[in-house]
Structures are given as structure tokens and as C-alpha cells.
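K.L.:
Chain residues, written in single-letter form:
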Amino acid sequence: SEGGSKGSSNNKDDEKNAERQQSGISFGDAKASTGPAAEVSGAKPGGTITVLQRDSFAHLDPGQIYVSDEMALSQLIHRGLTSYKATSDDGQKHEVVGDLATDSGQTTDGGKTWTYKLKDGIKWADGSAITAADVRHTFERLFAPFVSNGPTFIQQWMADTPGAEYRKLLKDGPYDGKHLPDSVLSTPDDKTIVFKFKNAKPDLPYALAMAGYSLVSEKKDTKEKYDKAPMTAGPYKIQEFKSGKSMKLVKNTNWDPKTDAVRHQYVNEFNFEFNKQYEDSTKAILDDSGTNATAISFSNQVDAGNLSKVLADSALKSRTVSGYQPYVGQMNINLSQPEMKSKEVREAIAYALPITPFVRAYGGTDAMEVAGGLISPTVSGYDASFDPFGKKKKPAGDPAKAKELLEKAGKVGLKLTFGYINTPEGQQYSTAMAAGLEKAGFDVQRQEIPAETYYDQVSKVKNNYDIYHTAWGADWPSASTVIPPLYDGRQIQDGASNYSHINDPKVNADIDRVTALTDPVKAAEEWNKINEYIVKDVVSNIPTAYYKQTQIAGSKIGGLVYDDVIGGVDPRRLFVK
Amino acid sequence: MKEDLVLPAPREAATDGAGEPLLVVEGLRKHFPIKGGFPIRRTVGAVQAVDGIDLTVRAGESFGLVGESGCGKSTTGRLITRLLEPTSGTISYRGKDITHAGRKQLAPIRSEIQMIFQDPYSSLNPRQTVGKIISGPMEINGIEPTGGREKRVRELLEIVGLNPEHYNRFPHEFSGGQRQRIGVARALALEPKLIVADEPVSALDVSIQAQVVNLLQKVQQELGIAFLFIAHDLAVVRHFSQRVAVMYLGKVIEVGDRESIYTRPRHPYTHALLSAVPEVNLHDEEAGRRERIRLAGDVPSPISPPSGCRFRTRCWKAQDKCAAQEPPLVRLSGNRDGHLTACHFPEDPTIEGREEDIVLDPALAALEEDIERP
Amino acid sequence: MTTVTKEAGAPSPADAGAFLSVRDLHVSFKTEDGIVRAVDGLSFDLERGKTLGIVGESGSGKSVTNLTILGLHSPKFTTVEGEILLEGKELTTARESELEKLRGNKVAMIFQDPLTALSPYYTVGRQIAEPFMKHMGASKKAAWERAVEMLGKVGIPNPKERAKDYPHQFSGGMRQRAMIAMALVCDPDLLIADEPTTALDVTVQAQILDLLNDLQQEFGSAIIFITHDLGVIADMADDIMVMYAGGAIERGTTNQVLRSPQHPYTWGLLNSMPRLDSDLSAALAPIPGAPPSLLTPPSGCRFHPRCTFQDRVGGNRCVTERPPLAPDRASACHLTAEQKRTIFVEEIKPRLG
Amino acid sequence: MTSPIDIEGGGTSVVVDGEKEPKAKPDEAKQLEGRSPGQLMWIRFKRDRTGVISAYVVIFFFVVGLAAPLISKLYGKNPYTVYADERPELFDSAGVPLQPNGGISGEFWFGLEPGNGYDVFTKLLYGIRNSLMISLAVTLATVLTGIILGVAAGYLGGKIDYFVSRLIDFLLALPSQLFFIASMPVVVSLFVSPRDETPVYVRVVALISVMWVLGWMSLARILRGTALALREREFIEAAKVSGAPPGRIIRKEILPNVVTPILVQSTYMLPNFVTAEAGLSFLGVGLVEPTPDWGQMFSKAATELVMQNDLTYMFFPGISMIIFIVAFNLLGDSVRDAFDPKTAR
Amino acid sequence: MLRFLFRRILGSLVILLLLTVVAFLLFFGMPRDPALLMCGKTCTPDALANIHHTLGLDKSIPEQYWIFLQGLVMGRDTFPQGPCPAPCFGYSYHTNEAVWSTLMDRLPLTLSLAFGATIVFLFVGLGTGLVAAWKRGTLVDKSFTAGSMVISSMQIYFLGPLALAILVYQTHIFDEPRYTSLTDNPAAWFTGLLIPWAVLSTIFAAQYTRMARSAMIEQLQEEHVRTARAKGMSRRFVFFRYAWRGSLIPIITILGIDLSSLLGGAIITEYTFGLPGLGRLAVESVQFSDLPLLLGVMIFSAAAILLCNIIVDACYAFIDPRVRLS
Ligand SMILES: Nc1ncnc2c1ncn2[C@@H]1O[C@H](COP(=O)(O)OP(=O)(O)OP(=O)(O)O)[C@@H](O)[C@H]1O
Ligand SMILES: Nc1ncnc2c1ncn2[C@@H]1O[C@H](COP(=O)(O)OP(=O)(O)OP(=O)(O)O)[C@@H](O)[C@H]1O
Ligand SMILES: [Mg+2]
Ligand SMILES: [Mg+2]
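Chains as they are written, first to last, in this note's numbering: chain A, 812 to 1388; chain B, 1296 to 1669; chain C, 975 to 1327; chain D, 10 to 354; chain E, 20 to 345.
Treat the hints with care, since some could be wrong.
[Stated by the list, open to error] List of simulated lysine to aspartate or glutamate pairs, EDC-like, C-alpha gap at most 20 Å: (1) K1053(A) with E303(E); (2) K1271(A) with E303(E); (3) K1271(A) with D65(E).
[Said to hold, decoys possible] Here are the simulated distance ranges between beta carbons: (4) D96(E) with Y986(A): 42 to 50 Å; (5) L83(D) with S162(E): 33 to 41 Å; (6) G166(D) with A1068(C): 52 to 60 Å; (7) I1329(B) with Y210(D): 51 to 59 Å; (8) K1115(C) with G1592(B): 50 to 58 Å; (9) G146(E) with K1138(C): 19 to 27 Å; (10) A1618(B) with E1006(C): 30 to 38 Å; (11) R26(E) with K1138(C): 20 to 28 Å; (12) L88(E) with G1340(B): 32 to 40 Å; (13) R26(E) with K1115(C): 34 to 42 Å.
The set of hints was computed from the structure by calculation and includes no laboratory data.
Where a beta carbon is used, it is the ideal one built from N, C-alpha and C, also for glycine.
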């Protein structure tokens, strides 16, 4: 792409996007939760859409779903108690509405007790009715050992413990007849479900909208095997699934549009093809002939190599949608390492670290935007002007300033072990980052970490690395899914996400304080303050980039909208022109 | 070729009179196992390359071993030099049993039994100089002759009729005959008492062959070295050896002194062999072609040799007895001392083929008839 | 480097009886190390039904001469000069297709090593039948029958079955018989046998020689018989040509060459050859030295470095001048006819015993 | 009958028998030191124009490899400088050089690498250096193993031969590429890497050992065959008859005679190792960025970024590798011909 | 012949057995725990132990090996994913699919790639090689020899991307390589594999040109070929009957090696062209420490190699009666 003026106009657009993204999402009432969903303009039924995906779906069991491509799929096949409803046609405004539940939830005590009532006429794909027992089972089975990949928020809230301790609440799940006590979850009748928490959990409607909390049929639960052949309730059901190869979705005739305020059923079939790298899917869609004209990818972006070409061509650009992803990249400084205890050293790293290599490795400024803080533009509370180390102005780093600091600390030539993810991109940016750090007087030792176990390695408390890069995306548009899991010092343990091992009393105290706030706007402001404190004063995490993405679809695809909450194309409203 | 070789004074061997048995071989056998079988490989048979032979080589004499290809001559030679492990039988050298002696036990007599090989090309290491090749055996046996090894090598080169200046040359720079001389020099380097010469001249051209035969003859006579001379060329053996053994299919079928074997052979095979040699009659142009005994067919396979007398399948005198009973190697009446023959129905002591002995290939007979008819 | 005197009196090509006549043949090979003059001014004639024996040491050019007659050298590395006339037809310049018609048909060849000379991949019968099909236009079946018949003729027992065997299933002697059968299958006028018995045992050699003699009588072919064994040649040949270092040095009938040889080299050969009836008291008298290199052949008479009679010629002629080989009974030596006779009778013959 | 005028040995130097020859002619004095087969081969090789040119090309590559630091110094750049950060004006934000032809200019002779913008010229120099050094090391290790196992199996025979042969059979049945990939992490992990260990060195050692373990079989097989054939040669028997112990026979008689096949095979093996090493790096299990490596450059060249935007990048590593392999193969042919002039080409 | 085959197959089975041992050891030498990969974000020691248990990784290595062998021979039905009949390689850790069916899924591509390319390069390579040998020393020969020398020095990872860049991206003459099942759509199957075939065959054909040429020339110098000429057989006959037959032996030897490596998963090729065949599967199995898959691919590839060896040996026997009859 060409730099200069065009880039800046782009930036303005992005900022505008960000602005509306951070505006809060309201909780919808019963009316908003009633189906059917508003027609998409110009939509017509019929046709088949080909979906080109890089990764096969490893999990279809809702309890195991936590990655974005599976989440996108689950929009079509699974249903939960709540869901996000797009209130504008451009995918920018949302409210949380009841999905299987009649509304987004009723609380009488500021968020400690939540009551949900199921709609009438909701059925599983096999025609049997969905009942409160299914809801109870859904949550109880999350405590079973084999469920290990999905979200854990609600479980932790129920057990009122951080980390993996929650499992003790119901050690083996519901399978040997044990159940959660009524003090936690009760189902007074076939249609009512009551959640009770020790502390206020104002975010529950958000959490329940996560794909990971979609319902699982109690009768059809096959435990491990459910992961390959789940019972579904959404507008589509799985006709055939060849792991690693293909998947075919067909219409679910037991899905009643009148019960669903958020989904459509325009397309006859979705044909998924897996193993399509970004390059492959982009090339196929660009080709735009035959089935490629009705091809799309839910998760693949336009690959880095093609990105500038696609964006430069207006005809092609019209077939793309783009927006921020919820992820924020950050360089973690491992505070457990003795040498890293010095704040000057950390500041030196912060000044010296070049961000350009990272941006470059993932396709340039069309795909990555240099970050100032740890809160993404998609999350409430984002402040575009925050940039304590001048990264936005000097993305290649400020080695002079860094050197100065380092000299002051008397640590010139300090050995800095940089654990990097062993992918081509990781190799590329880590090398250049190391070069930038070395200019400031660090002695950087790069150590590769296999991509497949990267997060396992860096989430060990006793890892050997001084710095390593991670990215984190908010689970819902509130920083409450960012700051506590990442920066709460009491969360430090193997496998947890406090990668930099920050354990700052002020941060800890603030987290407790802000979590309890029930006003989302006020909370957002407060979260941002913690963010600024961590970046500027603790200097444990150096923000690198906000992830953006551009997706492309065949010319015959209609209803193409980038949905901010999904963080990609909204599959529910697609149709074939 | 120098007429008078400069040789060191003949040593005791030459003088103490031929007669002392130097090498005694009794019932020597070598069977090469044949692997095969199914499904597990095992020994399924044996090539009976040498199957019970008795030989005596006396000090200072040249003992010839003749026979057709594959009859076990080389195997015998290699058994005696202990390159092969005998299957059974005994080999004793100067009264010492060396049949199964190991390399260490053999060390003292290694220098006394040496070997000359057939192929002048493969018998010299192409990567070593002549000097190295000849001094190798001395080095191995730790022999340090007076004046040093190099001097000795030069002497040896002189003895075998090569230019001592060729010390630093490589084998490929020599012709076949010269290479064979190098081989002789190597064998002489250890001052051996017995040399096993396995077809030392059969790879050479006639004109060169004579040079080497003469050289060997000189060496044998003047240094008093005993020879086990292996060859298939009867004329060369006659020229070189005082005593001759004829082998057929792993067995000695006739043995005796030269005179006796060449003029009064008793075994039909020896007869046939002698009469098959094409000869130039230099004197009598009218004499025409000597009548020959023609053997039909080829030597049978040593894997399953015929029962009884091994020659019976090609022998025109064969009778039932030959198949049933193996003829012992004995002195026949009318033979000289030491002339032993293994035959139930020996020939008259003459080399003339008689009319009734001449057998033809059936096909040949038919051809000849064809020719005579028109 | 060498002064080569052309042969003065090469036999005239007009010689009517000659079936094959070779005139002043030169064959040289380009090799890595230089040019090898394998045949250097060779001339001879051969009449129908006769046998010409060619003797000579290894490397004297025997095989090359005969391969040249059939045009079997790769033209890229070989230079052929001179004439080869078969029934008056020039062969050195003949086209490949014409030569193809000759080979195996009018002129056939038997090679020294029957194991490598027969293809391991095809049955013996098929290999014999092939030239018959090609040259006689016979059908496959007829050719096969002919092959079986030929195998029977050369004395292979049970030819019907053995024709289906592969060469490696034959013994050495049988292979050579098969080679002979292959050579004779088209009833050739000229048979070239290149050391056909060298690889064989004496008893088998005798069988093969007898076979060849008898076959020649039946088929009436002319034979060129190459060997280095004088004994064999005495048995086989009508005429003998002795070759040395690429040229002929003596030629005559068998009787003449063996019983009154005229060239020092022939004398040397006879003297160095042990015989079953030679005198044991006399040592063999070898020819000193080794055959010359064909890359840098000696000047003048090729034999002069090994010749013990050089001084009797007088002057330096042996070194400078190559002696010519007269037609018919002749030897290429500077000694006078008288000298040759007296030397042979007085010095050589007695030693032969 | 064998011809005494042995073309192989060079008929020129056949010496006439001792007696007739005058004792050391003056001009012969210097000739008395005979020419060894090696010398003859050398003489023959020098006559082969293709071979000599190829040898020069190959030597050129080795010199370039050896002198890479020096050349880079003179040229004033190194392969590690991230020009995309140093000279951002030359690149777009994705790291593609803005100038045409991959940024080739008077300053960057071979252009700039898309991505981090390394200097292609020095990267190629160092890439050649690293590839060649690794291949050379593998070749050496392979030759050594080949000699030890092959000669031992061929000469000693018996159980050793059986064992070695089965080992060879087994290793040859391994799917080698897959095995490379599977064993690289294992081998790397064998060298337990402490906090500040240089991963490059570990990788190189691992690469060498893996390629070595799966690379020695063909040579060992050939040497086994050679030793087996040599064992039948009569000069070995001559040594045995003289009482030479097996050690001496192997050292003095066998080893000098396997030099030829070793030399010939090595000239074929080395380029194979170069391409194999490059293949591994291409797959990402060999050397990785920023260590310059030939194969890793191909890996880079095959990325979409380069294929879509900057094809020029592939040119220099590709051409240089083709030239190198061709030259080395021609050299191999020439070496073989020089040793064995009878083989046809 | 049958005995020979039987013995070879027996030997191959032993090698395969050893190979599984090696693969097992290799796997346990890998510095990665597959369970960790599956365990997900909230991995606890309990959960990890649990996964270890379900994968059977908590048993001793010999025990695991024994179970694996048993499964190969008799099948296993202890998997939560379902039964696993006789040649049971188990279920992939990563995809949870039966390894056998995954292999069978990927096999058609690998087979298409290998055999398609082989047919082309055999025809082209041997053809040009024969022409060069026939016209030995002429300009045709020289240019063929030089050309094949250069082309055979190219590597797939160079020529492949180059061909893609030129034929696909720049000129758009061809489509991106992709695999469609032959039975689904033969035309798409053909066009999709055209470029990989072309690239593979180009490189291999050049090698075969050189090999065929030198093998033929070597054979033409054999004495029995000279005999055939001396019999008056035409040049063509000698060339195509006598010399050709002998030159097949070295060619088949190399073909066996090449084919077996293509069948065992041409990893670099598949990477270059982005084709998901056995080679890719192999790499994935290593990446994800997927023992069952790794074992499956290893055994499969090795079996392909061994099978090719046996076929090559059988071909020797077919070509050369000396082998056949001994
Ligand atoms: N190492 C061996 N293994 C198996 N068989 C062998 C071995 N060496 C020799 N033979 C066989 O033993 C028999 C005798 O062989 P030997 O070499 O002793 O014969 P020879 O009389 O020397 O023959 P030639 O005249 O051909 O040299 C032959 O049939 C040969 O094939
Ligand atoms: N194709 C060739 N290229 C180079 N030199 C050759 C070629 N063929 C033969 N020679 C040489 O030509 C000379 C004569 O060889 P030829 O084969 O005619 O000898 P010969 O008399 O048949 O010997 P032998 O008795 O060994 O068969 C030899 O020096 C040989 O090395
Ligand atoms: Mg022998
Ligand atoms: Mg010859």
C-alpha cells in the first residue's frame, strides 16, 4: 500500500468505528427478544454458500468452544439463553436479548440473582422440547473433567473462586447423579432458571451470550463424543462433518423463526472446506467464478500478501468488509525475572521496542495498528490519545531514549531472553524486534517456542523468558474481560493469563473496586484508568498493536456485514444474491 | 633376461636332498556351504571343492598340480597357505600340524610358505609402490635385513630381473610379465621354503610366459625353494615340475613323477587330458594329426559329484563297479614307485590313443558321418 | 615420429581367387592418452573354404582387424584407412545398412568370451533364431526350428529343450557351441573366430576345435581363426599370419610358418613355447622384453627393441626402416633370405629339439 | 589374455624389461619416481576442460562462503541489519521494497528481502557459507561413518556385515523427510538449552546429526561393495599369506583403494546435502530467520508476500544454487571420468 | 518367485515393526506433551492426568507399545470415539479422527500426484534419454544433456514457486493447484494437479534423461550388444531390444527409490503447492505431537518404500532371467 495521506484518512475511519464500538450495549427486554428477526434488505432464500476455513473445527460441543471460528459457526447451529442482536443494518449497534430465554435476564438484587424464563415452542433439531433441565445440565456438565476448552467465567462466579478451583464444586459433573445446589442454580419449573452468585455479576447477560454457554441436550449428551456430533437448536444442523476436510450444514426444520430474534435461515446449505490457508481462501474468492462467487470465509482474512492489492482495487474492495478484531497485542515483561524488577530497565524496553516489525509481519498497517494502551478500540473505555511511550509517533522505537535509561540503570548489555512463537511471522518480527532492542544496548537472546504450545509455555509461572508477546481479546465489549484475567496479581498460576506476573496492590485493589460497579459507563472509565496505570506506571506490558482484519466474499454473497461483536462476518444474515 | 642370476649361496634346502617331506597333506577336504532353503536360510548343500586329497611336497622340489577348471586346484593352494579353513583332513608343515592354526600360531611359518598369484593385475596393490609391495611382508614379520629393507628390496628386484631403480614406481607402470616378477620378488622377500604358485603364468602371453617360467625355475633350483605349482597347462607343468598330481573334481586321480605321468599315464582321464593338448609337430609335417581321445561333455558339478569314481560319467571304460565303488589311489602294477593311480580299469602305460578308445561326441559322430556320406 | 615405409609389394588386389582381401589397413583409436594405432598397414588375402590362422600376442591387433572387417567400431573414436574387399566389394566405405546385411549372413563372428558375448536376457534359441529371421526372412517358427537344428548340429544334447534356456544355464563349452551355432545359422561364407577356445579347458577346447573343423567341411566357409596358441593353429589353419604390434610380420602356409619360420619373432615364439615333447634339459628361450606400446610404437622394425639378431642386419636399418612384407610366403625382416634360412637351421632348430 | 598395454595405467610408461634397457638414461632419472594412480588421475582431470571450469566454480563458491564476512565488510553491510526499520522509506508498511525489482540498487546490489528488509547480497553470501559448512560437515561425518561401517562390513564380513547390512536396509526404509522433521525437535531437545544458549548452534548440530544419521547408508553400501570386491583381490591374500593382521590389511591395503569411490561419491553427496539442508530449512525445520541460509531464502521466496509482490527476490538464491549444483555435478562426473576413463559419458 | 516374495514380505514386516519402535521412542523423545495441547486454557494437573489417562499415555512405554501392536493386529474398541477395526492405528489426538480413515482420505491426492508425475516423467525422461543416446555426440544429444543437467539441478522449492508465480499469479494461465477427487470431477482433478505434475516431472524427467542416456550408452558397450550387431541386427533392433533391456535395471532401481519417496509423502512438493496429502499430514502429526497419526504416516510411508523395493526386485527378476532363475 502507499503510505502517506491515504493512510491517515483510513485512520480517521477506524477511529470513528472505534468510537461507536465503545458505546455501550444495552440489555434488551422481552419485546426485543421476540422473533422473528427483522428481514435483511434485499435478502432472498435459497442457494448454497461455500465457506473456506483454515482450521477444521476441533470442537462442536458448546462447552468446549472458545475460539473465534467455532464461535462463528455456533451462531448458526447453537443457541443459548441470551444473544447479541444487531440493532442496525451495519453490524455496529447491538443489544443483548433473550435467545432461548424470553429476555436478557431479570435481576432484583443488583446482579446477585438472575432469573431466566424459556420461550415457548423452542425445540432441539430432533423435535424434542428444550427445557430447564437442559439448561441445568448444560451448566453442570461444564464442571466435568472432559470439558476443558470452553469459557470458565460463569463456573468461577458460581464457585466464587479464581482459576481452576471451581471444578471442586461439582467434581465429576452431573453424570453420577450429583447436581449443583439450589443455592447456586435452581430450576423451580420446566421453564425457569435462577442463577445465584455470592457477588454481583452484572455482566451475566453478556457471558450467557458466549457460544461456550450455548445449551447442551441432557438426553443426547454423549460426553466426549458430543464434541463431534452435538445436538443443535439453531437454524442449521450438521448433515456431515469430515474433520480436517469438510462440513455441510443444512436447514433445521425444527427451528422456528418466531422463537428467534437474531437469526435468519436464508441459505439452503453451507459447505465448509477446511485446510484453506489465508492465501488459498483469498485466491479462491478473488477468482470469483463458479462456486467461488458464493464463497466466503468466516474466519480467514485477506492474507498479508494480497492485502494491499485488494484494498487498492475498488472493485475488489467493495467485496470486502473490515474492522477491528477484539485483540490487543502486547509485549509481556516477565516480572518474576530478577533483572526485570528494575523499572528503568522496563522503561528502556518500552522505549526501545520497535512495533514496526510486528505490524510488518502481519501485513502492514492494513492489518495492524500501533497500539497505545491495552484496551482495544472495540471495548468500552478506549482512549485513542493515550500513548505514553510515543509508539504511535515512533513505531520503530526510540533507542536513544532507551539507551539513556539503561545507562542510568547501569544495565547496558543486559541479557534479555526473548521467547518468540515459532511461526514464520514470529521469526520475522522477533528478529527485527531483537535488532531494535539491541540498538538500545540490550543483549537479546531469542528463544523459539513451538507455536502449538506457545501459550502453555509462556503461561507457566516459572518460565525462563524475560519478554514474550501475547494477544488478548475481550470476551465481550467490556474491559472486565481484559483487565482482571490479565493483570490481577492473585491470578498468577500456571496456565493463567497473567503472563507478565504483575501483582500490583493498587491494581488488585482497583480491580475489586471496579468489578463491583454496576454502571457500565462508569466502569469503562475506571477500567481505562487501570490500563493507563499498568502501561505507564507499572510498565509490565507494552501494548504493540490492535488487530484489524479485512475479509472478502464472493460477488454473489449478500448481507455481508462486519459484526463487531462477532469480530468478523456475521454469518446469520448472509444470503445468495 | 639375464643369463646368470646373482643369487645368494644356495642354502641348506638345496643341498639336503629332496626327499624330506616338507608339506604333508592328508585327507584334505573343503566344502563350501550353500545357503538356501525356505523360509529360513540355512545350509542346504555344499560345493565339494576339495574332497579328500593326499599330497606330499618334499623340500626343494617342484610339485605340479594340474586339472581342469573348477577341479579344486586353487582351493587346495589356498588351503595349504591357510587362506581357507579346511573342512577336514590335516596339513602338516615340517611335521607341525597347521590344519587349524590361527594367525598368531601361524606367524613363525608364515615366512616359510608364500604364494604367487595368477592375475598380475589384481595381485599387486595399485596404490603402493613396488618398494612398499615387496617390503610389506618383511615389515609385517618384523624382518630387518642387514643393510635395511630398501637394500634388500633392490636386491630382490635385481634377482627377479627388474631394474632396482624401479623401487618407487607403481604397478600400473609395468607390463604383465614384469608385474608377475614383482609378485615373485614379494614371495621371495621372506626367504620362504615353500611357494604355492597358483597358475602364475596362465595370464601371460607365450613370449612372456617363458620369461617367468625360467625365472621360477631358477629360483626353485638355485634357492632350493619347494614349489606347489598349480596350472592347467600340461606342457608348462611338465617343464617345471618334477612330480605331478592330476586332479579331477576335487580329487587327485593320479600322481607320480614327471616321466611316469607324461609318458606312462594310467588313468583314462590323464590320457584324455594329455591327448587333448594341441601340439605343433615341428619336425614331421607328414605325420598329420595325432589321434586324440575326445571326452564328451563337461566336468560334473562339484555340488553333487557322481558316486564312486568321479570320472565315470565321461569315461569310456566305465562299468558298474565304477559307480559303486570309489577307486583307491594306489600304485598299479607296472608303475614306478610313487606313481599312484585311482582307477578300477587303468589304461595301458602309453600316451598313444588307441582306436577303440576314441570316442566322439554323439553330435560330432553324426557330423562326420554326414561328411563321409556324399 | 616413426618413419613408416609403405609395404613395397603388397599382394595385388587383382588376385582373382581372393574371397576376402585386406589392403594396407590402418585402424587407430582416439583415446584419453593419445592415438592408439591398433592396426598399422596390414594386408592379407583369404580364399574361399580356407582357414587363415592369425597368431600374435595380446594387443597385437588381431581382434581390431576382424572387428573392422565387420565395421563394428564406433566411428566416432576410430579412424579406418585402407581397403577391405569382400568378393570385390569395398567394406570400409560401405553404408551401415549394407554392412548389416552382410553381418551374420555372409560374414559371421564367434567371440572369445561366450558368457559376456551372449545376451543374458534372451533365450539361446531366440538369439540364434534372430539373424535367421532377419537375413533369411524366415518366420518366427521356422527360425526357432532352425535354431534347434543348429543347436543339435553343434552337439548340444536335447536341443529342443535347451533352446529355451538362457545362456547362464549353459556351461562354458555349451555356450561356445551356442555361439558357433549362432554364427553358422545363416550359412556364412566367412567365419571369423576370435580366440574361440581361449576361455575353455583343454578337453573342451579339443571338442570345439573338432567341431569347427567338421563344420567347416560341411558348410564350406572360409575361416579366420584368431589365437595366440600355436598348437591350436597348427591344428586348424591352412595359412598362418603372424601379427606383431599392429602389423603382419610373417605369412605362409601352416607348414611353412611352423616348420621353416623366417622371422625372429616367430622363432622366439616357437622357442619360448613349452611342448609336451620338448627337451627338458634345455631351458625355455623367451623373447626378451615386453610388447611395445601402440601409443608410441618403436621406430623402424617394430620388433627391433626385442630382437637379438639386429646386429646381423648391419647399419641402423632395423631402427630406421620398417621392413616390408612381401606377398605370399614372406616375412617382414631386414635379414636376407639366406641369413634367415641359416639362422633357423643352425641356431633355432636344434634348440627346438 | 589380458592386454599388457593397459590403457588405464597409461601405456606411455610401460617399461621395457630390465636387461635390454640401459641403466637409467639421463632423462629417465626424473621419471624414476613413479606416478601414483592419484597423480595420473590428477593429470587426466586437468585435461578435462569442463571439469576444471566446474572445479573453479565450486571453489569460487567455497571461497565466497569462507570469505563472506570479509566481503560483507568491504561491501559495508551485514545480513542482520533490519533495513525495514533502518531505512523505512524504502519499504511499505508490510515490508515490501518500494523500488522496482526488489529494491536492487547501487547500494543494495541484489535488492532487499521483503519482510524485515535484509540485504539480499550479504544474506546470500552468508547463506551459502552456512549451507556449505553444514553440508561439508555432514559429508565428512558421512564419509567417516561410511568408511568405518562399510569397510568393516565388507572386509570382515560375517556377523558385522549382517548387522550393518540390516541397519542399512532399515534406515533406507525410513521415510527420510518425515524422519528429519520428526527427529529435529528431539535432537534439539537432547541439547538441553539453558537460558542463554545459542539456538543457532544447537540447530546446526541437530541438523548435521540428523542428516548424518540418515545420510551415510548409500556410501557405506558402496564401500561395502568395494571392500567386498577388494577382499577377493589377490593382493589382499598376499598380505594375509604374509601374516598381516586385519587392522593392517584394512589400513594399508583396503583404505587406499577406497579413496576413489569416496572421492567420487563425496562430490555427488555434497550437493545433495546442500539441497537436502535447503529443503529442511524450506520446511522450517532447518535454520530459521535471522540465520542466513540458502534454503531459508527459498522458504521466504515461496511466501505469498514475495510471490505477489516481489518475484525478483527468488532470482539470486535460485540461480546461484543452480549454478552451484550444476558445477558440482559436472565436477563429480569429471572426477569419476578421471578415475575411470573407460566409463562412457 | 513366490518364496522370494514371501521372504521379502516377511523381512519388510520385521523392518516395519522396528520402525514402529523407533517412531515410538522418537515420539517420547519429543519435548512436547500432546495432552498439554488438548488440555486447553484452564488446564489443571488433574485435567492433564485425565487426558493422559484417556490417551493411554499414563501407561509405561512398552505397555503402550504392546497395546498399539495388539491394535494393529486385532483392532481395538477401547476408544471413546468408537471401535477401531483391525489395522487399528487409533484416533488422532488432534482431530479425533480415526487415523486409518484420515490416511485413506489423504491417500488419493498423494497417489494422484505420485503416479501422475511418474507417468509423465517416465515417458518424457526416458524418451529424451533414448533420443540423446541414439544421437550420441550430435547437437541434439549435447543440448539434451546440457539441458537435463541444468534442469535436474533445480529443486522443487525453487521451480515450484517459480512456476506458480509465472503461470498462475502473473499470467493467470492456470488455476492454483488444488485437489479434486478423480471420481468427483475428472477434469478438475486433471487441471488442478497440472502444475505440480509439470514441475515434478520436469525435474525428474531431466534426471531420467541423464540416467537413461548413460545407462543406454553403457549397455551399448556391452559385449553381447556387439554380438547382436555382429549378427547383423539393425541398429534400432540392437538399441531397443538388447541395450534397452539391460539399461532398465539401473532405471528401475532409481525409479523404485523415487516412487517410494513420492508415495511416502512428497512433503516439500505438497508444501510448495499447498496440497493436503500424506506429506502434509506427516508434518501435522509432528507439529501436534500426534502419536497415532505419526505412527500411521510412518508405517504407511515405510510400507510404500518397502513395497516399492519388493516390486523393484520383482522387476529385476522379470527383466533378468539370471535373477529369476537363481
Ligand atoms: N569361496 C567359495 N565359495 C563357494 N564355492 C567356491 C569358492 N571357491 C571356490 N569354489 C568352488 O570350488 C570349486 C573349485 O574351485 P577352484 O577355484 O579351486 O578351482 P580351480 O581348479 O582353481 O579352477 P580354475 O582353473 O578355474 O582356477 C569350483 O566349483 C568353485 O566354484
Ligand atoms: N576401442 C578401442 N579404443 C582404444 N584402443 C583400443 C580399442 N580397441 C582396441 N584397442 C587397442 O588396440 C590394440 C589392439 O587390440 P586387439 O584387441 O586387436 O588385440 P588382440 O590382438 O586381439 O589381443 P588379445 O589377444 O588380447 O585379444 C590394443 O592395444 C588395444 O588396447
Ligand atoms: Mg584357480
Ligand atoms: Mg582379441
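K.L.:
Next step is simple, just say for each hint if it's right about the structure.
P.N.:
Going down the list of hints, with the structure as the test:
| no. | hint | result |
| --- | --- | --- |
| 1 | K1053(A) with E303(E) | 17 Å, holds |
| 2 | K1271(A) with E303(E) | 25 Å, violated |
| 3 | K1271(A) with D65(E) | 16 Å, holds |
| 4 | D96(E) with Y986(A): 42 to 50 Å | 21 Å, violated |
| 5 | L83(D) with S162(E): 33 to 41 Å | 40 Å, holds |
| 6 | G166(D) with A1068(C): 52 to 60 Å | 54 Å, holds |
| 7 | I1329(B) with Y210(D): 51 to 59 Å | 55 Å, holds |
| 8 | K1115(C) with G1592(B): 50 to 58 Å | 30 Å, violated |
| 9 | G146(E) with K1138(C): 19 to 27 Å | 33 Å, violated |
| 10 | A1618(B) with E1006(C): 30 to 38 Å | 59 Å, violated |
| 11 | R26(E) with K1138(C): 20 to 28 Å | 27 Å, holds |
| 12 | L88(E) with G1340(B): 32 to 40 Å | 38 Å, holds |
| 13 | R26(E) with K1115(C): 34 to 42 Å | 39 Å, holds |
Taken one by one, the earlier hints fail for this structure at numbers 2, 4, 8, 9 and 10, listed in ascending order.
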